[in-house]
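Participant: Put chain F on the given structure of chain R with help from the hints.
2 protein chains.
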Amino acid sequence: MLYETFEKIYSLEAAGKKITKLNVGEPDWRPPIAAIKAAQNALSKGKDKYGSSYGELTLREKLAQLHGCSAKNIVITPGSKWGVYSLLRLHLSAGDNAVVFSPHWSAYSLMCQSFGTEARLVNLKMENGWKPDLCALASAIDSKTKMLVLNSPCNPTSAAFSEGDERKIIEIVRDRGVTVLSDDAYRGLLFEKRKDRLLEENLLIANTFSKTFGMTGWRIGYAVVPEEIAKKMVSLNQITFTNVPLFIQAGAEKALEDKEKFAAKVRKLCVQRAGIATKKLRGHFEFSKPEAGFYLFPKLPDEIDTMKFLDRMLDSGFAMVPGGAFGDFGQHFRVSLCREKETISIACDTMVETLEGFC
Amino acid sequence: MLYETFEKIYSLEAAGKKITKLNVGEPDWRPPIAAIKAAQNALSKGKDKYGSSYGELTLREKLAQLHGCSAKNIVITPGSKWGVYSLLRLHLSAGDNAVVFSPHWSAYSLMCQSFGTEARLVNLKMENGWKPDLCALASAIDSKTKMLVLNSPCNPTSAAFSEGDERKIIEIVRDRGVTVLSDDAYRGLLFEKRKDRLLEENLLIANTFSKTFGMTGWRIGYAVVPEEIAKKMVSLNQITFTNVPLFIQAGAEKALEDKEKFAAKVRKLCVQRAGIATKKLRGHFEFSKPEAGFYLFPKLPDEIDTMKFLDRMLDSGFAMVPGGAFGDFGQHFRVSLCREKETISIACDTMVETLEGFC
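Note that the protein sequences, when read in sequence, are chains R and F. Residues 1 to 359 in this note's numbering are what the first sequence spells out, letter by letter. Residues 1 to 359 in this note's numbering are what the second sequence spells out, letter by letter.
Isolated chain R (complex conformation) (with noise of 0.2 angstroms):
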């Protein structure tokens, strides 16, 4: 339902009509000027021909320092979609299940689906601010359990786990056996910061430039895995993709190195951002407090029909994505604030409009 979405819009676009598209996870912000030169750069030198299915040496001793592990742990991917996909793909086989906190990222359970396996979806609930239910987490696991993806921060909540939450979930699902797989794409972002993840036992990560960077589009993010996993992404890797260009890598190197101020200020941005749309929207819409990031997942009133909602929305110019396509919460919305306070404030407006066009 996500991607049914964006392909819907490209369509809209391509036929010319003007479509402010809340519905991307994609910040409005330019990679770091350096960043885009180095690419350009290696462009220029001529360092685009094949390379390691690992990525680049340097580029792996970098994030191993973040990560305080070595670059044999380090293994670079188009994305942290790659890193996630290839990852279940790996330790999944027909007939094994994931269990995933639900509202979650559709894409899992797109993953999961294709290799005839189960993303088993514990949902959890606004009310409680969508704090992890470790009790349902423990039901959810069976023999057939052969890992949890951990979402925090989540997208589209924007809720994050605290790290003690996340203490007890990895040690739970350790003790059962059940390797955890944390998706980190948002973890940069989180309004209160945290360090990077470390490599730790039966933990694996699997992280991005696209957000905190904005360059979704290059395709680079990264995975961290014990030794004997990133030799089994690479053989991966090497009959699918082969490697992500050497100049993308050279961008990322780059953006690595203004990595803290970077990330200082997109964060600064989304808490503004945040802010703007809670203002705006609190006292008509159902939603928790956002915590990292740039999605909001209000709540429609039961009354209102989510579809005729989004609909309207789209004729006034706004895409946004249906509840539905994270999981059983039909009732909700995903809105990304991936723009100039205006943009969001009119965007706000306009969902608070359309609602009470509805009563």
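One or more of the hints may lead you astray.
Derived CB-CB ranges, DEER-like [to be verified]:
hint: 1; chain 1: R; residue 1: E192; chain 2: F; residue 2: E257; range: 49 to 59 angstroms
hint: 2; chain 1: R; residue 1: K168; chain 2: F; residue 2: D142; range: 47 to 57 angstroms
hint: 3; chain 1: F; residue 1: A14; chain 2: R; residue 2: L198; range: 42 to 52 angstroms
What the hints contain is simulated information worked out from the structure, not anything from laboratory work. Since we're looking at a predicted model, the values are computed, not measured. Glycine included, C-beta positions come from ideal geometry on N, C-alpha and C.
Facilitator: Positioned in the frame of chain R, the structure of chain F alone reads:
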């Protein structure tokens, strides 16, 4: 074995050893300068956000013209490798098989293996100029055969089936209800030029910008397939790599503008290089006359151990790939002639000297 060789050499290089990599199927020519500039400009202009998982419409329209079809039949992929991988994956279920003429690019076998399927090899003979064995093909097909991989021109032999033979193959296979997947990576480098393959019933095409345009590390190719299959490919793209970066697509689109002239130039270069190597090696090694691209696949005398021969060549600074990486052809080795004429000349002299050193 192919990819192990590559990673081993990347390590040796990282340790400072100077190696002439005649192992990699990688043109030494630069992409069209206009393509590099187009990619750099696109980066400057912020064409670095998410795009359609089909690929950019303008690029797909240009490719559709070449292949006698609609843009709806074109899907942009990270290399032809992803085209081959995803099309095999979409057509084969566990227990199925794909028939492949061998010697063959080892990725086909590794891909099939990764799905729990079989790459059923039809071994061809150097004495017959690696021409297709149609009887063996017919016998290889059974009720579990879902696909035939048409690898002409062939990596590693650089032999090409005649257009008449290709037609016969397509018809034999179609009558048996099997889909042909044509890997056209080297078609643009046929010494006797043929037009791009047209889309037709029961035929799928994977192609790439890598070889003709020297854009290996850009990771961009495309598939030419019926609309329904394009949709399925897009669904897989959406949950794996999302899209080939838009700035890379912009470069590829620019490269196409000068395709005929550029291809003619590099084709001429390939013919010259093949001529030099053929002249130097003839009488010392057995091999078939190359008809495309930049490989030779010479056979060593029976009494010589291929791995020892290749190790001695590596000691002399030349990396090549053992024939065992391409099927049941352990007495052969693959040499890639993607170097200056002088280097090819020295490499061939070294091969002859190394061979004589065994006697």
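Participant: Run every hint past the structure and note whether it holds.
Facilitator: Structure-based check of all given hints:
1. The supplied range of 49 to 59 angstroms is met by E192 (chain R) and E257 (chain F), whose beta-carbon atoms lie about 51 angstroms from each other.
2. At roughly 54 angstroms, the beta carbons of K168 (chain R) and D142 (chain F) sit within the given window of 47 to 57 angstroms.
3. Checked against the hint of 42 to 52 angstroms, the C-beta distance between A14 (chain F) and L198 (chain R) comes to roughly 26 angstroms, which is inconsistent with it.
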